[in-house]
Amino acid sequence: GGENIRWRTELPGRAWSSPVIDGDSIWLTTAIEQGSAEEGPPPPGGRKPQPRSVAEAVTFRAIGIDRRTGNVLHDVELFTVERPQPTHVLNSFASPSPVLAEGKLFCQFGDYGTACLDTSTAAVVWHNRSQRLNHENGPGGSPITWKNLLIFHCDGSDVQYVVALDAATGKQAWRTDRSGEMRDNPELKKAYGTPLVTTINGRDVLLSPAADWLYGYDPATGKELWKLSYGVLGFSIVPRPVVADGIAYIGTSFMKAELLAVRLGPTAALQPEILWRYGRSVPNMPSPLLVGDAVYLFSDKGIATCLDAATGEVRWTGRLGGSFSSSPLLADGKIYVGSRDGEMFVIRPGEDLDIVATNNFGEAIMASPAAVGRAVYVRTERALYRIEQ
Numbered sequence: 465g466g467e468n469i470r471w472r473t474e475l476p477g478r479a480w481s482s483p484v485i486d487g488d489s490i491w492l493t494t495a496i497e498q499g500s501a502e503e504g505p506p507p508p509g510g511r512k513p514q515p516r517s518v519a520e521a522v523t524f525r526a527i528g529i530d531r532r533t534g535n536v537l538h539d540v541e542l543f544t545v546e547r548p549q550p551t552h553v554l555n556s557f558a559s560p561s562p563v564l565a566e567g568k569l570f571c572q573f574g575d576y577g578t579a580c581l582d583t584s585t586a587a588v589v590w591h592n593r594s595q596r597l598n599h600e601n602g603p604g605g606s607p608i609t610w611k612n613l614l615i616f617h618c619d620g621s622d623v624q625y626v627v628a629l630d631a632a633t634g635k636q637a638w639r640t641d642r643s644g645e646m647r648d649n650p651e652l653k654k655a656y657g658t659p660l661v662t663t664i665n666g667r668d669v670l671l672s673p674a675a676d677w678l679y680g681y682d683p684a685t686g687k688e689l690w691k692l693s694y695g696v697l698g699f700s701i702v703p704r705p706v707v708a709d710g711i712a713y714i715g716t717s718f719m720k721a722e723l724l725a726v727r728l729g730p731t732a733a734l735q736p737e738i739l740w741r742y743g744r745s746v747p748n749m750p751s752p753l754l755v756g757d758a759v760y761l762f763s764d765k766g767i768a769t770c771l772d773a774a775t776g777e778v779r780w781t782g783r784l785g786g787s788f789s790s791s792p793l794l795a796d797g798k799i800y801v802g803s804r805d806g807e808m809f810v811i812r813p814g815e816d817l818d819i820v821a822t823n824n825f826g827e828a829i830m831a832s833p834a835a836v837g838r839a840v841y842v843r844t845e846r847a848l849y850r851i852e853q
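For the sequence shown, the residue numbers in our numbering are 465 to 853.
Everything labelled a hint here was simulated from the structure, so no lab data went into it.
Where is the CB? At the ideal position from N, CA and C, for every residue including glycine.
Treat the hints with caution; some may be incorrect.
Stated by the list, open to error - What follows is a list of derived Cβ distance ranges for each label pair:
id, residue 1, residue 2, range
1, Gly826, Asn535, 21 to 29 angstroms
2, Arg846, Lys611, 23 to 31 angstroms
3, Gly756, Arg532, 40 to 48 angstroms
4, Ser594, Val553, 26 to 34 angstroms
5, Asn665, Arg596, 47 to 55 angstroms
6, Glu503, Lys687, 23 to 31 angstroms
7, Glu503, Glu852, 17 to 25 angstroms
8, Val589, Thr533, 21 to 29 angstroms
9, Lys635, Arg744, 40 to 48 angstroms
Let the hints inform the model, and build the full structure from the sequences given.
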C-alpha cells in the first residue's frame, strides 16, 4: 500500500537539493541550464574523467511553495553563472541543500556562489562568488548556520578549506585550510561533506569530515582543535556526520566506504578515538540515520543494514532493491528513504526489516525528503509532492 499523494507541483530546472520548511512555506533551490550537453573528449593529462554535464550558463533560483496547497508563492532568480564548471552526470548544478535561519534562506552552490534571501519579502539580501574551487564533479556539500555564521566546506581537487561567512553580509568571517597530509592524486583530495556543530562538555565543536581526515574546529574562529585520520582511504565524502551519546558516526565514502564510530573526547580539545568500524554495504552517498540505540544504513546499491549504535554489531540486513543517493528521514516514527528508481520506501524501525509501504513516483528521487507532523514532502527529479497516510 502507498501513502496518499495530496498534491504534486511541477518544478523547473534540474536540482537534487532537499526542500526546507519555513512555517507554512517550503523552499527549494533549482538550476536552469542553458545550452547543456554531455562533455566532449577528456582533458589532456591522461586522467580518465567521469561522464560530465556541461552548460553555457546556469541560472540559480529559489522557489517558495505553500505547503498546504502546493501553490508556488515565489520564484526568485538568485544569480546566473556563465560557463560554470561541469558536473558529473549523476550530479546537478544545484545539489547542496539550502538552510533556513531567522527568516533568511541561505543558498550555497559551491564554486558557483552563495546567496541569502529574505523569506518574508523574497528579496535577495546578498550574493557573492568569493569562494572558488575545482569540484571536478560539481558541488555537493550543504552549508549550516551557527549563531551569526554560515559555514561550509570547500574541498576541491585544487584547494581544501572550511569557511564561515557573516550571515548578515556574506563577507568572510574566517577561513581555515585543511592541515592533514593528503594523497598526491588531486582526485583523492576532494570531498562533498557537510559539517555539524555538536557540544562537547559545554563547548561547541564543528565536526568537519574531509578527504582522509575528520576535523574538529572552534566554530567561532575556525581554529583547529584536533584531527583524526580515518585509517583508510576516504575521499569524495558525502554523508553528513550524525552524533548521539558522545559518539559521532562518520562515513568514509570512496573507494570502499566504512562507517566509523568516533568517541568524542571528554573535552572539546581532546583527540577523539575510533571505537569501531563497519565495512559491509556502507553507503557512499546516503547519510546514516540514528533511531533509538540503532544506526540504519541504506547503501547506494539498495542494501539496508541495522547496527547496534554502541557496538557496531549487525542486527539485520536486507535488500530494498534499486539504487540510492539521497538520505533517509525519520518522520512520525517511520523511516522514509527514496531511490534513484523513483520508489519511496516507508520502514518501521525495529528488530527486522519491516517495509510498511512503498510509493512509486516514476521519477528519480535524488533529494532527501522533509516532514512536518504526518505530512512528508518528496522532491523527485521533476516535481515536489506532499504525501500523507
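Each hint, compared with the structure:
1. Gly826 <-> Asn535: 21 to 29 angstroms: At roughly 23 angstroms between Cβ atoms, Asn535 and Gly826 fall inside 21 to 29 angstroms, so the hint holds.
2. Arg846 <-> Lys611: 23 to 31 angstroms: For Arg846 and Lys611 the Cβ distance comes to about 37 angstroms; the hint is violated.
3. Gly756 <-> Arg532: 40 to 48 angstroms: The hinted range 40 to 48 angstroms is violated for Gly756 and Arg532, with Cβ atoms some 32 angstroms apart.
4. Ser594 <-> Val553: 26 to 34 angstroms: Holds: the Cβ-Cβ distance is about 28 angstroms, inside 26 to 34 angstroms.
5. Asn665 <-> Arg596: 47 to 55 angstroms: Given about 37 angstroms between the Cβ atoms, the range is violated.
6. Glu503 <-> Lys687: 23 to 31 angstroms: Distance hint for Glu503, Lys687 is violated at roughly 40 angstroms.
7. Glu503 <-> Glu852: 17 to 25 angstroms: violated, 41 angstroms
8. Val589 <-> Thr533: 21 to 29 angstroms: Holds - the Cβ-Cβ distance for Val589 and Thr533, about 27 angstroms, lies within 21 to 29 angstroms.
9. Lys635 <-> Arg744: 40 to 48 angstroms: The hint (40 to 48 angstroms, Cβ to Cβ) holds, given that Lys635 and Arg744 are roughly 46 angstroms apart.
Checked against the numbered hints given earlier, this structure breaks hints 2, 3, 5, 6 and 7; the rest are met.
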